[in-house]
Amino acid sequence: MSEGCPVCRSPSCNCGDNCRCTEEFCCSNATSLLQSLDKKKSPKRTEGCCSKKPAASSVDEKGERQGDPLAPPPLQVKGGYSPLAAVHKIADLNLEGMTCGGCSGTIQTALQTLSGIREVRISLEDHSAIVEWEEPPLNLLQIADTIESVGFHVKTIRERVQEEVPVVKETPVQKATCDDLQKVTLAISGMTCSMCSQAITRAVDELEGVDSVVVALSTDSAMIKFHPERITMNQIQEAIEDIGYDVENVEIDSPQERRGSSGDGGAEPTETVEERWQRLAKRQTRKVKQRRRAFFWSFAGAFPILFFSMILPHFVSLGFLEKEINIAGRSFFLEGFVFWLLATPVQFLSGWDFYRMAFMNLRIGTAGMDVLVALGTTASYGYACWGLWKNDHESTHFFETSATLICFILAGKWMQTSAVRRTSEALTELMKLQSPTAIKVTPGKMAPHPGRFNPLEDHYREETVPINQIHEGDLVKIIRGSSIPVDGRIAFGEMCVDESCVTGESMSVLKTVASDVLGGTICVETSQEGSGAVFVEVTGVGADTALSQIIELVQDAQTRSVPIQSFADSVSSVFVPSVCFISLLTYMAWYALCMSGVVPASWYEDLHEGPATFSLTFGIACLVISCPCALGLATPTAVMVGSGTGARLGVLMKGGEALEVASKVDTIVFDKTGTLTKGQPCVSDFHQFDPNLDSKNLLWMLGSLEKNSEHPLAQAVVSYAEEELGTTYLAEKPFVQPKMFKALTGRGASGVLNECHVAVGNRPFASESGIEIHDDIEYYMQILEREGKTAVLVSVNGTVCLVMGIADRLKSDATASVAFLRDNMKMDVWMVTGDNRNTARAIARQLGLPENRVISEALPAAKVQKVRSLQAQDRIVAMVGDGINDSPALAESDVGISLGSGAKIATEASDMVLVRGNVADVCTALHLSHTIFRRIQLNLLFSLLYNCFGIPIAAGMFYPLVQRRLPPMLAGLAMALSSVSVVLSSLTLRFYRPPSVTRRPSSVTAWAREMERRGRSAEGNELRENLLVNDHLARSDFTETTAIVNNRSSNGNAQDNIV
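At position 887 of the sequence shown (counting the first as 1) the number is 1952 in my numbering, and the numbers step up by one without a gap.
Hint data in this document are derived by calculation from the structure and do not stem from the laboratory. Quick reminder that beta carbons are idealized off the backbone N, C-alpha and C, glycines included. One should not assume that every hint holds.
Stated by the list, open to error - Each pair of labels, with its calculated beta carbon distance range: (1) Arg1554 - Trp1362: 53 to 61 Å; (2) Glu1590 - Asp1731: 39 to 47 Å; (3) Arg1295 - Met1375: 55 to 63 Å; (4) Leu2026 - Asp1893: 51 to 59 Å; (5) Thr1577 - Gly1509: 24 to 32 Å; (6) Glu1590 - Val1817: 41 to 49 Å; (7) Pro1501 - Val1639: 45 to 53 Å; (8) Ser1635 - Asp1939: 24 to 32 Å; (9) His1995 - Arg1267: 29 to 37 Å; (10) His1995 - Glu1775: 26 to 34 Å; (11) Val1215 - Lys1290: 26 to 34 Å.
Claimed, not checked - Here are the simulated lysine-lysine pairs, PhoX-like style, with alpha carbons at most 20 Å apart: (12) Lys1719 - Lys1248; (13) Lys1798 - Lys1761; (14) Lys1729 - Lys1891; (15) Lys1497 - Lys1347; (16) Lys1220 - Lys1248; (17) Lys1804 - Lys1772; (18) Lys1248 - Lys1290; (19) Lys1719 - Lys1290; (20) Lys1772 - Lys1807; (21) Lys1719 - Lys1729; (22) Lys1761 - Lys1772; (23) Lys1455 - Lys1388.
All chains should be built: construct the whole structure from the sequences, respecting the hints.
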């Protein structure tokens, strides 16, 4: 630009085609801008840049503005219309002078009033701001001046241009459409009971722009969804801090945040679930230490008072404490003065949090346990101070009451916090499973091409790296006894894996090549081949691992409230005002009865008290024994421990509502394929009709022939042949390519092997190939088909010599699980399947289901309709499935239960996920839901009964009968222990054991084996008749999958049928 910038006329301006200069400001001169900000003056021009003096804003004859230092560059209008060719810009500003959330809120509010601002993110911890804006109409100078104008200093600026985008003014409708909901998770400190969570919920929910707020007392967190265009995060944070709570951490999860994290914008990575939970564990540990420290400080003041007033007088005379001392011309009892010195620090230092939270709560119209403690201890302390001033020796003993009360309550809070921390131990243990490092393997210099690299044989390099440096597709080394750091697939080697920590499977599982492994599981044994190590190809890291998803799912469930919690919250909202009224009424009633003579004077004179002291003791005890915390902790602690226990057993619950509804389920509907069955065909029956043929050679020919087919039935035959022949036999005689191979889709295949013509197929294939089917073979095929299996013929040189039955294998625990649900849990069990009637009938017999509880040939819509029809009968329906076609029914049911091995969409549509995919886990999930909900009910019942009986006892209702009263300090201890008792009650869920689902013995004997034992005689015919007549008693480990070709005749009925 030899002639200089045409706008600012600076020969040194090098902004080029991206020029955004004005006549009064050079856009490339960042140095002069910072210098001007430091001097709090308008920017000065450097030599040769913007040399023209500023002129008053005017409009020349061309219609262009002249002399405005903040004016945008002139618009060039083509064709009568053009949107503003604005530039989307981002700047990182280092600020000085911020000290609190109010400071950051002031800056954010000031910037958002500027036209052109897109987003402002301020970090109080880093004293920095990230500002996004459109230029024009806004430039960096205006932004910096705005910050300076509200009293803060801009130290450094780093600007970058993201992209040039046309900006068209949004209409209100467009703006509302673009206004994405933003979700944040806040870590909040200072919550002690349900009234605290209610106070935060009310304060945030009243803010304009907040869509929803969920506060979890058990995890000290809040999940808030809000409209960022209508309210800022700083405003939400200020609202929480204004009512006395501290926001320790803010985690943003929004579409904008996710886009930012994936680009080059320099956004900070989102906190992982592991990091979030580790932060929670550290916060809980810190809270325990704070509670413990507060208790010991209060104990240091309260114990001497108790020692001098209640313990030492029983051993020595303390007459010297009854002496009077003179202070500033006024006499005081020495004992009362010493007690005042000891009690005052306890009252106002150790008890400061009670006063602070009580004030904050009352400010917004709520009242919790802090109000009760503050009122009770202040009444005791104030009455004791009045007695000290009046030289009333008897009244000064209330110093003992106030100090001991605070000490006992702090002890209870310490125990409560310690117990609550243990409720998260299940997830903490899951967190510890994640290995922080991994052994990354790369080919060595002498290794062959990566596509042929085998670390069991070739040279390789290994390096221990942090887990965040491992990516999908990398190869990692697993050694015996180590934790598998990532999700992956075994590429080389074999190992036994202990998956109990993730899936709850107690036995170690053998993993071979191509087997999937889960991160966090333990390698307990490896093969001795090569170095004895196993090499795994990475398929998932970080948040994509199964372990991370399990943790996130459980944590999300723990933050969702159970519907029954609304009952506890409604009671808590009126609890404190009611208790305060009852306490005041108790004091007034006792005092009136004492003064009127209804209460004998001996009652309080024997205690060396006056009517006021006697009455006040009942009022204070009534005030401090009441405990809304027990009500607030009853539900969340049980949900937290129960969901953690479920995760340990491989049962993931997605929320408290699902848990409560699952505890009331009375009807359960099963999908068949993949749920009750394994979803893969296999050879269930193998009957050879020609005993002269060598069975191993026959299997070898079948495997060689079917190896060329990709049909599911062919793969089942190959797998069966490989399993029966074994690796040793196949190593000596591997499968070969048949000659004259021919395959007919859906019917069969044929070829020549060892000079023999071998054919495998169904009836149509046999008919087309001219293969004759004798009566005994036909009869055997019909028997197999009645059992829901697919009959496959095998002929050698045109003669049928073998019939195989192929079916989907029923899961080993399916029959026993269905029986347990029906007999033990008294549930109405249904099965809905898309398979034909014969298959459905066979499965029903194996599972012991009556025919009127089975729906066959059901499309996804029919499954939904069946769920709705059951719900119309006032039933609570649970649907169990695993496939995409099950997701509509899962979503429609009251409780959707999906198997973790199923499709992802089915998992997303469900309320519970069974990680292992076992049918028995359905029993565990429903039984655990019953157990957790019963524990919640028990906790709530205990809390209500405690207050219903504790308040009358503390108020002295039974004093006329027993002549004993509850001292306020013991009432406070009882209040603290009630919360601890509720938490300990919830912790008993950690010892939950799943029900024993007894496996029923199979009652089916293969017909072919009986024929071999008895021969083809009349006795054999009688056996066949008995098998057909008593077919409903049959049990089998095999069934049919929808992937199997139906070779049997069809009646043409395609609609849903009840078998």
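How the hints compare with the structure:
| no. | hint | result |
| --- | --- | --- |
| 1 | Arg1554 - Trp1362: 53 to 61 Å | holds (57 Å) |
| 2 | Glu1590 - Asp1731: 39 to 47 Å | holds (45 Å) |
| 3 | Arg1295 - Met1375: 55 to 63 Å | holds (60 Å) |
| 4 | Leu2026 - Asp1893: 51 to 59 Å | holds (53 Å) |
| 5 | Thr1577 - Gly1509: 24 to 32 Å | holds (26 Å) |
| 6 | Glu1590 - Val1817: 41 to 49 Å | holds (44 Å) |
| 7 | Pro1501 - Val1639: 45 to 53 Å | holds (50 Å) |
| 8 | Ser1635 - Asp1939: 24 to 32 Å | holds (26 Å) |
| 9 | His1995 - Arg1267: 29 to 37 Å | holds (33 Å) |
| 10 | His1995 - Glu1775: 26 to 34 Å | violated (46 Å) |
| 11 | Val1215 - Lys1290: 26 to 34 Å | holds (29 Å) |
| 12 | Lys1719 - Lys1248 | holds (18 Å) |
| 13 | Lys1798 - Lys1761 | holds (11 Å) |
| 14 | Lys1729 - Lys1891 | holds (12 Å) |
| 15 | Lys1497 - Lys1347 | holds (14 Å) |
| 16 | Lys1220 - Lys1248 | violated (31 Å) |
| 17 | Lys1804 - Lys1772 | holds (13 Å) |
| 18 | Lys1248 - Lys1290 | holds (4 Å) |
| 19 | Lys1719 - Lys1290 | holds (19 Å) |
| 20 | Lys1772 - Lys1807 | holds (12 Å) |
| 21 | Lys1719 - Lys1729 | holds (16 Å) |
| 22 | Lys1761 - Lys1772 | holds (16 Å) |
| 23 | Lys1455 - Lys1388 | holds (15 Å) |
Hint compliance for this structure: hints 10 and 16 are broken, all remaining hints hold.
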